[in-house]
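Peer 1: Please work from the sequences and hints to get the whole structure.
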Amino acid sequence: MELVERLRILTAGARYDASCVSSGSQRKKAGGSLGICHSWTEDGRCVSLLKILQTNDCIYNCRYCVHRTDRDGPRTSLSAREIAELTVNFYRRNYIEGLFLSSAVKGSPDQAMETMLASVKILREEYKFPGYIHLKGIPGAEESLLKKAGFHADRMSVNIELPSAESLKKLAPQKKPADIFNPMHFLERNRREEKGFLRAGQSTQLIIGASPESDREIISLASYLYDKFSLSRIFYSAYIPTGDPRYIPGVQNPPLLREHRLYQADWLFRFYHFSFDDIIPPAQNDLETELDPKAGWALRHFEFFPVEINRASYRELLKIPGVGLVSARRIIKARKEGTLDFSDLGKLGVVMKRARFFIICRGRRIPGLPGDPANIRPFLTMPASRPRQRRLFAPPGGE
Amino acid sequence: MQELVYNGSFPGLLTALGKALAGEEEVRIWSKEEYRPSLFGTAKKVKADLEFALAFKKKLVFDFPEPVYRHVLYAYLAEEKGTGNLVFDFLQKLKRKEPAFTHRVAELHQGVTREKVRMLGFVRFKKVDPGYFYAPVRPKYNIIGLLAPHFASRQEKQEWVIHDLGREMAVLGRGKVWEIHPLPQIRFPEDFEEEGIQKLWREHFKVLAVPERINRKRQNSLVPRRYWPHLTEKG
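Which chain is which? The protein sequence lines are A and B, in order.
Numbering-wise, the first sequence is residues 3 to 401 according to my numbering.
Numbering-wise, the second sequence is residues 110 to 344 according to my numbering.
No wet-lab data here; the hints were simulated from the structure.
Glycine is no exception: its CB is placed at the ideal position from the N, C-alpha and C atoms.
Certain hints may be false.
Here are the simulated BS3-like cross-link-like pairs (lysine-lysine), alpha carbons at most 25 Å apart as the crow flies [as the list claims (entries may be wrong)]:
| id | chain 1 | residue 1 | chain 2 | residue 2 |
| --- | --- | --- | --- | --- |
| 1 | B | Lys308 | B | Lys343 |
| 2 | B | Lys202 | A | Lys338 |
| 3 | A | Lys338 | B | Lys206 |
| 4 | B | Lys266 | A | Lys130 |
| 5 | B | Lys202 | A | Lys349 |
| 6 | A | Lys335 | B | Lys204 |
| 7 | B | Lys266 | A | Lys123 |
| 8 | B | Lys225 | B | Lys128 |
Stretches of chain B that chain A covers, calculated by requiring three or more beta carbons in the stretch to come under 8 Å of a beta carbon on chain A [stated by the list, open to error]:
| id | segment |
| --- | --- |
| 9 | 182-189 |
| 10 | 235-249 |
So, partial list: chain A residues that the calculated Cβ filter (under 7 Å) puts toward chain B [said to hold, decoys possible]:
| id | residue |
| --- | --- |
| 11 | Leu9 |
| 12 | Arg10 |
| 13 | Thr13 |
| 14 | Trp42 |
| 15 | Thr43 |
| 16 | Arg95 |
| 17 | Trp299 |
| 18 | Lys338 |
| 19 | Glu339 |
| 20 | Thr341 |
| 21 | Gly348 |
| 22 | Lys349 |
Peer 2: Below is the structure:
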């Protein structure tokens with residue numbers, strides 16, 4: 003098969019992995035370039051890495067996966083040298099910041115890991131490739147292979163995919179939880195002990211919507227993982243119905259909004275000092291879809307507001323809907339130069355559409371806005387569910 | 110009112126700013142191209158004084174927080190009309206400790222920074238016949254000098270060119286060393302392997318999008334149309 007045809011097949015196989023970032027690496031020669039987006043694909047996702055599979059030829063028959071053995075379709079591979087040359091040629095032309103290499107399990111976990119290792123070895127040793135490398139860890143591969151890989155790669159990830167042992171048993175019967183968690187432990191231990199090992203840490207991916215876990219279970223798993231493995235990132239990937247419909251029935255469209263809400267929750271957890279119970283109150287099993295989790299918290303904890311922009315601490319500013327990490331920092335900086343008023347906030351990047359209900363400036367509120375959670379709520383929900391404003395002169399008989 | 114006229118260069122601007130800030134009276138600063146003689150002012154030509162400019166740069170870095178010098182430089186690179194007066198006004202405000210984060214100079218700084226960050230990703234090199242890696246660009250602001258250090262650290266030994274077609278200027282680099290020179294629009298013949306690699310990249314880019322997630326509106330807002338002509342994947 004021609005190179006371009008194989009590239010097409012192996013790109014299509016890799017695109018469902020959500021991890022695309024190239025940030026967090028401190029590699030000296032990389033030119034200090036953190037997280038540069040080189041383009042955005044038609045689905046609006048950032049391209050910073052050559053994202054590709056070594057092979058899509060797999061011994062496993064995981065029901066959720068495009069590469070499962072009982073699925074028809076061409077099977078093909080790229081050699082280690084082909085991967086290395088593609089990466090270098092794309093990197094020199096500034097198409098990419100580096101390589102994201104994943105693989106189906108061809109032959110055995112060890113064999114798959116060895117081929118990937120050979121690719122990055124050529125890149126680093128022969129081509130002296132200074133860019134970013136993200137490598138998948140194959141569940142069940144020898145530790146000695148993972149160790150070598152971890153010195154060449156900036157980041158590695160072992161994908162958990164299914165958020166509970168039960169779902170794993172049902173949808174990926176050939177994999178055991180230990181096959182996934184043991185290598186994660188191993189990588190984390192080495193990252194702590196060895197200098198130059200996975201400078202950008204490790205990450206993992208969870209598939210959303212292929213199995214019945216609630217948001218509560220997913221977020222609780224996520225907080226456990228961040229804690230236990232000091233993961234750099236968890237990627238949530240809305241299940242796209244490419245699996246075996248006999249085992250995963252009833253999914254027509256990928257739950258993109260649910261995925262989005264989980265990312266928002268993940269951010270609140272990692273950067274905004276929200277606790278697990280802040281994000282999902284004990285009585286709730288799933289995040290609200292029509293309201294973002296920060297706005298949800300603000301409406302449940304209305305006693306915290308309004309916040310005075312000119313006096314609040316950084317952490318207090320972060321709790322305001324419409325104020326992000328950057329705008330909170332800018333507020334702190336700008337108010338050293340003088341007192342801030344509402345008209346300044348937009349220029350500092352505050353989304354006033356959301357923030358206006360929760361703030362005061364110089365002791366004043368913006369006049370004419372509702373002052374209780376029930377009446378604010380419709381302003382913060384998504385347009386689809388927002389009640390339409392009544393017309394001043396309703397036609398006879400109502401609308 | 111005194112009017113200072115500088116030669117349009119950055120050292121010239123710094124020299125004029127340094128002189129203006131040292132004096133007490135009201136001053137206007139024009140570049141040679143902008144200056145129109147007026148009835149009331151007394152115009153004075155300011156010669157670009159490299160040593161004086163460097164000393165003034167040091168003073169800026171010393172007297173103000175670090176990004177203020179960068180604000181001045183970026184405002185200059187934005188090539189807006191009346192830069193001299195804008196920057197002078199900005200520095201005077203800072204000197205009087207008035208808030209300046211909404212000043213036009215701060216806006217220009219933000220705009221130039223955004224353009225720079227975008228271009229770091231959007232520059233596309235192609236291998237051309239004498240073995241150079243050549244990148245034609247049309248940035249909104251005069252930023253190829255800001256891009257150069259990044260690409261210098263990225264190239265190993267090869268020779269590379271970033272060509273601002275609109276301004277007819279180019280960064281010419283050999284490995285980590287680079288200089289800016291005027292360069293008219295010329296056509297370089299492409300290397301024999303170039304077409305094949307571009308094709309591979311276009312295929313990869315096309316297939317990478319997940320069909321179930323297509324969102325062209327998002328793509329178009331993140332990759333504005335004016336960048337398309339020089340993006341390989343859009344060709």
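Peer 1: Each hint should be assessed against the structure and marked as holding or not.
Peer 2: For each hint, the structure was consulted:
1. Proposed proximity of Lys308(B) and Lys343(B) is supported: the alpha carbons are some 11 Å apart, at most 25 Å.
2. Distance hint between Lys202(B) and Lys338(A) is fulfilled; the C-alpha atoms sit about 14 Å from each other, no more than 25 Å.
3. A distance of roughly 10 Å separates the Cα atoms of Lys338(A) and Lys206(B); the hinted pair therefore holds under the 25 Å criterion.
4. For the hint pairing Lys266(B) with Lys130(A), the CA-to-CA distance comes to about 12 Å; that is within 25 Å, so the pair holds.
5. Proximity of Lys202(B) to Lys349(A) is assessed by CA-CA distance (about 18 Å); at most 25 Å being required, the pair is judged to hold.
6. Distance restraint check for Lys335(A) and Lys204(B): the Cα-Cα separation of roughly 17 Å lies within the 25 Å cut-off, and the hinted pair is therefore satisfied.
7. The hinted pair formed by Lys266(B) and Lys123(A) meets the criterion: a straight-line CA distance of about 21 Å does not exceed 25 Å.
8. Taking the CA atoms of Lys225(B) and Lys128(B), the gap is about 30 Å. The hint is violated against a cut of 25 Å.
9. By the rule of at least three residues with a Cβ nearer than 8 Å to a Cβ of chain A, the coverage given for the segment 182-189 of chain B is violated, with 0 such residues.
10. Given as covered by chain A, the segment 235-249 of chain B passes the check, having 4 residues with a CB less than 8 Å from a CB of that chain where 3 are the minimum.
11. At a threshold of 7 Å, the smallest CB-CB gap from Leu9(A) to chain B is about 6 Å, leaving the interface hint in force.
12. Taking 7 Å as the C-beta contact cut-off toward chain B, the hint placing Arg10(A) at the interface holds, the least distance being around 5 Å.
13. Below 7 Å, beta-carbon pairs count as interface contacts, and Thr13(A) has one with chain B at about 4 Å; its hint therefore holds.
14. Hint status for Trp42(A): holds, given a least beta-carbon distance of 4 Å to chain B, under 7 Å.
15. A cut of 7 Å between beta carbons decides the hint on Thr43(A): the least distance to chain B is about 4 Å, and the hint holds.
16. At about 5 Å, the closest approach between the beta carbon of Arg95(A) and any beta carbon in chain B falls short of 7 Å, and the interface hint on this residue holds.
17. Because the smallest distance between the Cβ of Trp299(A) and any Cβ of chain B comes to about 27 Å, over 7 Å, the interface hint for this residue is violated.
18. Taking 7 Å as the C-beta contact cut-off toward chain B, the hint placing Lys338(A) at the interface is violated, the least distance being around 9 Å.
19. Proximity of Glu339(A) to chain B holds as hinted, the smallest CB-CB distance being about 4 Å (cut-off 7 Å).
20. Checking Thr341(A) against chain B: minimum C-beta separation of about 9 Å lies over 7 Å; hint violated.
21. Against a cut-off of 7 Å between C-beta atoms, the interface hint on Gly348(A) is violated, since the closest Cβ of chain B lies about 10 Å away.
22. The interface hint given for Lys349(A) holds, since its Cβ lies 5 Å from the closest Cβ of chain B, which is under the 7 Å cut-off.
Checked against the numbered hints above, the structure breaks hints 8, 9, 17, 18, 20, 21 and satisfies the rest.
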